[in-house]
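Trainee: Take a look at the letters that make up each chain.
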Amino acid sequence: MELTDAQAERYSRNMLLEEIGPAGQEKLLRSKVLVLGAGGLGSPALLYLAAAGVGTLGIADSDAVELHNLQRQVIHCTADVGDDKVSSAARKVAALNPDTRVLPFRERVRAANILDIIAGFDFIVDGSDNFATKFLVNDACFFAGKPFSHAGILRFLGQAMTYVPGAPCYRCVFIGPPPPGAVPSCREAGVIGAVAGLLGCVQAAEAVKYVTGAGRLLAGRLLVADLSEMEFREVAISRNPSCPLCGDSPSITDLQDGPAEVCEG
Amino acid sequence: MKPPGAPAEIAIAAPVIGEIRRHAEAEAPLEACGLLAGNGNLVTRAFGMRNARVSARRFSLDPEEQLAVMKRARGEGLEIIAAYHSHPRGRARPSREDIRLAFDPDLVHVIIALAPRPDLRAFRIDGGDVEEVRLAVAAGAAAGPR
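Taken in order, these protein sequences are the chains called F and V. Final position of the first sequence in the working numbering is 265; the numbers increase by one with none missing. Final position of the second sequence in the working numbering is 146; the numbers increase by one with none missing.
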């Protein structure tokens with residue numbers, strides 16, 4: 001792959017990095033990254049991945065843009081309210097970087113379709129907004145042997161971890177969805193938009209690192225950010241031999257849809 | 001293998017803090033107690049237990065219930081990281097009694113105060129030595145807002 005002059009200029013700040021260089025940029029241009037959810041996490045992830053020159057970006061979301069999304073879902077603009085999120089996000093990606101091809105999935109990811117959706121991608125960014133989907137993404141990526149980035153946000157808090165085959169999975173740590181009522185509902189919780197932005201950028205950085213082989217992934221550790229105190233910490237996590245998914249005698253052997261969440265925003 | 005002694009810092013998933021608070025409020029004016037489990041130094045699960053002392057000033061875990069909880073946690077592949085109890089009235093600091101009765105130097109002791117000022121802190125207690133443990137709050141298995 002020979003970079004054009006325009007590409008050499010566009011990606012010069014990537015290629016100046018010793019860990020990336022022209023070879024890493026070519027990997028990015030050939031890479032396929034799927035972003036599940038074009039929301040608070042997915043918005044910055046999509047923008048930074050498109051800007052970095054990821055060649056193929058999958059965008060999966062079944063929702064339309066609503067006014068209350070705009071507080072944090074920065075890929076969508078006021079004029080996009082009412083449009084579907086995939087189209088709205090795809091327009092921004094196309095405007096930002098003509099090198100990036102978008103594969104749209106205007107559907108909700110479910111046990112029945114997720115393996116088909118993730119199949120063609122090198123890395124998955126989980127920007128979903130509910131735990132049923134977060135556990136489903138984890139399980140599907142484990143079964144398919146795909147690496148993915150998890151992030152969760154709540155109020156001023158954010159957390160992220162990266163799964164690669166062999167590393168601890170999301171269920172090694174969180175086992176299963178919390179009991180009903182243990183977690184504030186989406187309507188009650190709220191979040192600072194910049195927390196979503198920060199964690200979405202962490203996810204984009206993990207995808208770029210995975211594709212180019214640069215740096216050290218957030219595998220086997222959970223990044224914990226508290227923006228109310230502006231504290232960033234890291235917690236070591238390990239494989240759980242009793243993990244219901246990837247443990248020694250797993251009880252989860254196929255994909256299941258979690259209980260539907262009643263979540264009106 | 002974990003080095004001996006309680007860790008100098010732990011993280012607790014936010015929903016677990018909610019569970020501890022609700023348990024403490026439900027038991028008040030009596031002290032509430034339980035065990036906290038998770039992966040490494042990240043607490044992801046609270047096991048609310050009964051206060052065998054049925055007291056507003058002190059607590060002790062029921063040994064049989066403690067064994068049952070430890071077995072349940074192990075079954076889920078979780079490590080017991082901390083013990084918690086409430087101070088329905090008073091500071092989130094170990095009392096003299098708490099220090100005297102701290103039964104396991106490998107456990108972090110989480111104390112939630114309800115009144116006059118709600119607070120939650122963690123300590124390691126070894127013999128008579130008390131040291132505050134740094135506490136981070138993780139989003140946990142949290143869903144983002146739509």
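Worth flagging that the hints you see were computed from the coordinates, not collected in a lab. Hints are not guaranteed to be accurate.
[Claimed, not checked] Beyond 12 Å from chain F on every Cβ pair, some chain V residues (computed):
id: 1; residue: E9
id: 2; residue: I10
id: 3; residue: V43
id: 4; residue: R45
id: 5; residue: R50
id: 6; residue: S60
id: 7; residue: D62
id: 8; residue: E64
id: 9; residue: A68
id: 10; residue: A92
id: 11; residue: A136
[Stated by the list, open to error] One-sided and incomplete, this derived list gives chain V residues near chain F with beta-carbon spacing under 7 Å:
id: 12; residue: A8
id: 13; residue: A11
id: 14; residue: A14
id: 15; residue: G40
id: 16; residue: Q66
id: 17; residue: E76
id: 18; residue: G77
id: 19; residue: A139
id: 20; residue: A141
Glycine residues also receive a C-beta, built at the ideal position from the N, C-alpha and C atoms.
Trainee: Can we confirm that no CB of chain F comes within 12 Å of the CB of E9 of chain V?
Mentor: violated (7 Å)
Trainee: If we take the beta carbon of D62 of chain V, is the closest beta carbon in chain F still more than 12 Å away?
Mentor: holds (23 Å)
Trainee: Using the nearest Cβ pair, does A141 of chain V come within less than 7 Å of chain F?
Mentor: holds (4 Å)
Trainee: With 7 Å as the cut and Cβ atoms as the points, is A14 of chain V at the interface with chain F?
Mentor: Since the shortest Cβ distance to chain F is 6 Å, the answer is holds.
Trainee: Please verify that hint: G77 of chain V, Cβ, nearest Cβ of chain F, below 7 Å or not.
Mentor: Given a least distance of 3 Å, the restraint on G77 of chain V holds.
Trainee: Min Cβ distance, G40 of chain V to chain F: is it shorter than 7 Å?
Mentor: holds (5 Å)
Trainee: The hint names A8 of chain V as touching chain F; please verify it with the least Cβ-Cβ distance against 7 Å.
Mentor: For A8 of chain V, the interface hint is violated, since the closest Cβ of chain F sits about 12 Å away, which is over 7 Å.
Trainee: Beyond 12 Å from every Cβ of chain F: is that where the Cβ of A68 of chain V lies?
Mentor: Non-interface label on A68 of chain V holds, nearest chain F Cβ at 17 Å vs cutoff 12 Å.
Trainee: Minimum C-beta separation from R50 of chain V to chain F exceeding 12 Å: can you confirm that?
Mentor: Label holds. Min Cβ-Cβ 19 Å, cutoff 12 Å.
Trainee: Mind checking the CB of A139 of chain V against every CB in chain F and telling me if the closest is under 7 Å?
Mentor: holds (4 Å)
Trainee: Taking 7 Å as the limit, does the beta-carbon of Q66 of chain V come near enough to a beta-carbon in chain F?
Mentor: violated (20 Å)
Trainee: Using Cβ atoms only, decide whether A11 of chain V comes closer than 7 Å to chain F, and label the hint accordingly.
Mentor: holds (5 Å)
Checked against the numbered hints given earlier, the structure breaks hints 1, 2, 3, 4, 11, 12, 16 and satisfies all the rest.
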